[in-house]
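Quick note, the sequences are listed as chains A and B, same order.
By my numbering, the letter at position 129 of the first sequence is numbered 218, and the numbering carries on one by one without gaps.
By my numbering, the letter at position 68 of the second sequence is numbered 157, and the numbering carries on one by one without gaps.
These are calculated hints, taken from the structure and not from any lab test.
Be aware that one or more of the hints could be misleading.
Identical chains blur together in the list; that is why a pair holds if it fits in one copy or across any two.
[To be verified] Calculated lysine to any residue pairs in the SDA-like style (CA-CA distance at most 20 Å, straight line): (1) K286 with T224; (2) K286 with V298; (3) K286 with R219; (4) K102 with E283; (5) K286 with L229; (6) K102 with R158; (7) K102 with L291; (8) K102 with A282; (9) K102 with A294; (10) K286 with Q155; (11) K102 with R281; (12) K286 with P101; (13) K286 with R158; (14) K286 with G252; (15) K102 with P295; (16) K286 with H105; (17) K102 with K286.
Protein chains: 2
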Amino acid sequence: MGTTQLETVPEPKYWHLKTVLSEALDSEFTVGEILPNERDLAARFGVARATLRQALEQLELEGRLQRRRGVGTTVAPPRVGVAVAPARHTWPGAAGDDWQPVDAVESDTVPAAVARLLETAAGDRVHIVRRSRVTQGRPLAAELLYVPAAVVPGCQETGVLNGPARAHAVLQELQSLELEGQDRTVELGSARAEDAKQLDRLPGAPVLVVTTRYVSGGRTTAVAVSTYRADTCRLTFGESDAVALLAG
Amino acid sequence: MGTTQLETVPEPKYWHLKTVLSEALDSEFTVGEILPNERDLAARFGVARATLRQALEQLELEGRLQRRRGVGTTVAPPRVGVAVAPARHTWPGAAGDDWQPVDAVESDTVPAAVARLLETAAGDRVHIVRRSRVTQGRPLAAELLYVPAAVVPGCQETGVLNGPARAHAVLQELQSLELEGQDRTVELGSARAEDAKQLDRLPGAPVLVVTTRYVSGGRTTAVAVSTYRADTCRLTFGESDAVALLAG
Numbered sequence: 090m091g092t093t094q095l096e097t098v099p100e101p102k103y104w105h106l107k108t109v110l111s112e113a114l115d116s117e118f119t120v121g122e123i124l125p126n127e128r129d130l131a132a133r134f135g136v137a138r139a140t141l142r143q144a145l146e147q148l149e150l151e152g153r154l155q156r157r158r159g160v161g162t163t164v165a166p167p168r169v170g171v172a173v174a175p176a177r178h179t180w181p182g183a184a185g186d187d188w189q190p191v192d193a194v195e196s197d198t199v200p201a202a203v204a205r206l207l208e209t210a211a212g213d214r215v216h217i218v219r220r221s222r223v224t225q226g227r228p229l230a231a232e233l234l235y236v237p238a239a240v241v242p243g244c245q246e247t248g249v250l251n252g253p254a255r256a257h258a259v260l261q262e263l264q265s266l267e268l269e270g271q272d273r274t275v276e277l278g279s280a281r282a283e284d285a286k287q288l289d290r291l292p293g294a295p296v297l298v299v300t301t302r303y304v305s306g307g308r309t310t311a312v313a314v315s316t317y318r319a320d321t322c323r324l325t326f327g328e329s330d331a332v333a334l335l336a337g
Numbered sequence: 090m091g092t093t094q095l096e097t098v099p100e101p102k103y104w105h106l107k108t109v110l111s112e113a114l115d116s117e118f119t120v121g122e123i124l125p126n127e128r129d130l131a132a133r134f135g136v137a138r139a140t141l142r143q144a145l146e147q148l149e150l151e152g153r154l155q156r157r158r159g160v161g162t163t164v165a166p167p168r169v170g171v172a173v174a175p176a177r178h179t180w181p182g183a184a185g186d187d188w189q190p191v192d193a194v195e196s197d198t199v200p201a202a203v204a205r206l207l208e209t210a211a212g213d214r215v216h217i218v219r220r221s222r223v224t225q226g227r228p229l230a231a232e233l234l235y236v237p238a239a240v241v242p243g244c245q246e247t248g249v250l251n252g253p254a255r256a257h258a259v260l261q262e263l264q265s266l267e268l269e270g271q272d273r274t275v276e277l278g279s280a281r282a283e284d285a286k287q288l289d290r291l292p293g294a295p296v297l298v299v300t301t302r303y304v305s306g307g308r309t310t311a312v313a314v315s316t317y318r319a320d321t322c323r324l325t326f327g328e329s330d331a332v333a334l335l336a337g
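Chain A extracted, bound-state conformation (with noise of 0.2 Å):
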């Protein structure tokens, strides 16, 4: 698998297409502007359909514009920096948190990966508990929360409990515990049918998923998948104090 081949392969005609669009949405466009229609846009540069669509896929895919049904393209705002690892751990849910729990319920079945980082065996009970994330009245992250039932044993109870106030009451008890470490992975997904409907995009629409596991008592007690829109956001990661001087 050496780069020899690759070599040989010249720069494909849509990606030089995407550099001139690309520095046409800077010297010519507003944020929120529709672009003129495909036919024109072909003819303007001189290019197939096939190759300005193309283009236009990979600048959508950059974030550089938005596709709608019904509206066409727009030139879309800059990403919206959105802070993933707070600079004390903390649990879901404690002061400061940003995202909105929707609802919980509990289930024996749990992603495999999820499983395997819990280390539940299959039939387990699991609390799923299901947030969002939201900008300016914009979705920008839906999060399923994991915790095993055996971790917040006094949840029991919360089946009589609906919506917000049953996630709520799941996320208090996962308080209480001291917290002792967290890690995260950030890697690139499409998203899941449901997921898709929450973040206001297609299924299969590109997304950015981040995966945190909670340590409490020397071992995972609970795992958020959290998926971000990848058009929309830029995952931020704050580590210093000194750097958060700076942004200020």
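Start from chain A and add chain B according to the hints.
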């Protein structure tokens, strides 16, 4: 921009196929195995070739499949966990750094976003150090580190050096400064032609772009733009000794 419109959009056909294919990959195929050709696969699952191709593209985006010219489509190994944020703040090139210096140039042209972070003016000279990160012979990431010439005045003489030696000289002078802090952002991008070559991918392939800001003397003294292959990498942010112990 409510969700009303999306709720009426049914899950696309290729998406269902993707789920079915993903299960087949788990149960019937092993890592590295070559998939049957598109015609046979389309026939087996009773779908049009176009639908099959969309599902395969999606699985490639999610890192489940690799498509290579002249080889075909193979089952990808699990993504590699790549540590991004070191436990202690260190300059690039400090002991234990996983990056290899490639070369360095001096330039007065830097991307606008980088110039904003460094607060450099047009025409300011900046050292651009190129580094790469490789695991088991496979390229994982490419990096451009921007250091204003004014920050490392001793490097005026590095013009006589070439390749890794020149990169090393810039890093070494940087390391003599006191590092006060660093922060990072992660966002989705697409590989520029030059990065693509270094990463053994085609231009436009999805990448995770990590921008690191190094703070010294109360200002941003260096900015690294690291481009990770999104198909093979999972970025890890470890933040506590407790978690490091667990991970061990």
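Hint by hint, here is what the structure shows:
When the C-alpha separation of K286 and T224 is checked against a cutoff of 20 Å, the pair qualifies only within one copy, where the shortest distance is 16 Å, while the shortest distance between copies is 37 Å. When the C-alpha separation of K286 and V298 is checked against a cutoff of 20 Å, the pair qualifies only within one copy, where the shortest distance is 16 Å, while the shortest distance between copies is 26 Å. In this assembly of identical chains, K286 and R219 lie within 20 Å of each other by CA distance solely inside one copy; the values are 13 Å within and 41 Å between copies. Taking identical chains as interchangeable, the C-alpha atoms of K102 and E283 lie at most 20 Å apart only when they sit on different chains, with a minimum of 16 Å there against 36 Å within one chain.
Proximity of K286 and L229 under a CA criterion of 20 Å is satisfied intra-copy only: 12 Å inside one chain copy versus 33 Å between copies. For a Cα distance limit of 20 Å, the shortest separation of K102 from R158 across copies, 19 Å, qualifies, whereas the shortest one inside one copy, 27 Å, does not. In this assembly of identical chains, K102 and L291 lie within 20 Å of each other by CA distance solely across copies; the values are 13 Å between and 27 Å within a copy. With identical chains, the CA atoms of K102 and A282 are at most 20 Å apart between copies only, with a shortest distance of 12 Å across copies and 33 Å within one.
Only between protomers do K102 and A294 lie at most 20 Å apart by alpha-carbon distance; the minimum there is 15 Å, versus 24 Å within a single protomer. For the identical chains of this complex, K286 and Q155 are intra-copy neighbours only, at 17 Å inside a copy versus 28 Å across copies, given an alpha-carbon limit of 20 Å. When the C-alpha separation of K102 and R281 is checked against a cutoff of 20 Å, the pair qualifies only between copies, where the shortest distance is 13 Å, while the shortest distance within a copy is 32 Å. Proximity of K286 and P101 under a CA criterion of 20 Å is satisfied inter-copy only: 13 Å between copies versus 34 Å inside one chain copy.
For a Cα distance limit of 20 Å, the shortest separation of K286 from R158 inside one copy, 15 Å, qualifies, whereas the shortest one across copies, 36 Å, does not. In this assembly of identical chains, K286 and G252 lie within 20 Å of each other by CA distance solely inside one copy; the values are 18 Å within and 50 Å between copies. Only between protomers do K102 and P295 lie at most 20 Å apart by alpha-carbon distance; the minimum there is 18 Å, versus 23 Å within a single protomer. When the C-alpha separation of K286 and H105 is checked against a cutoff of 20 Å, the pair qualifies only between copies, where the shortest distance is 16 Å, while the shortest distance within a copy is 34 Å.
Within a single copy, K102 and K286 get their C-alpha atoms only as close as 34 Å, which misses the 20 Å cut-off; across copies the closest is 17 Å, which meets it.
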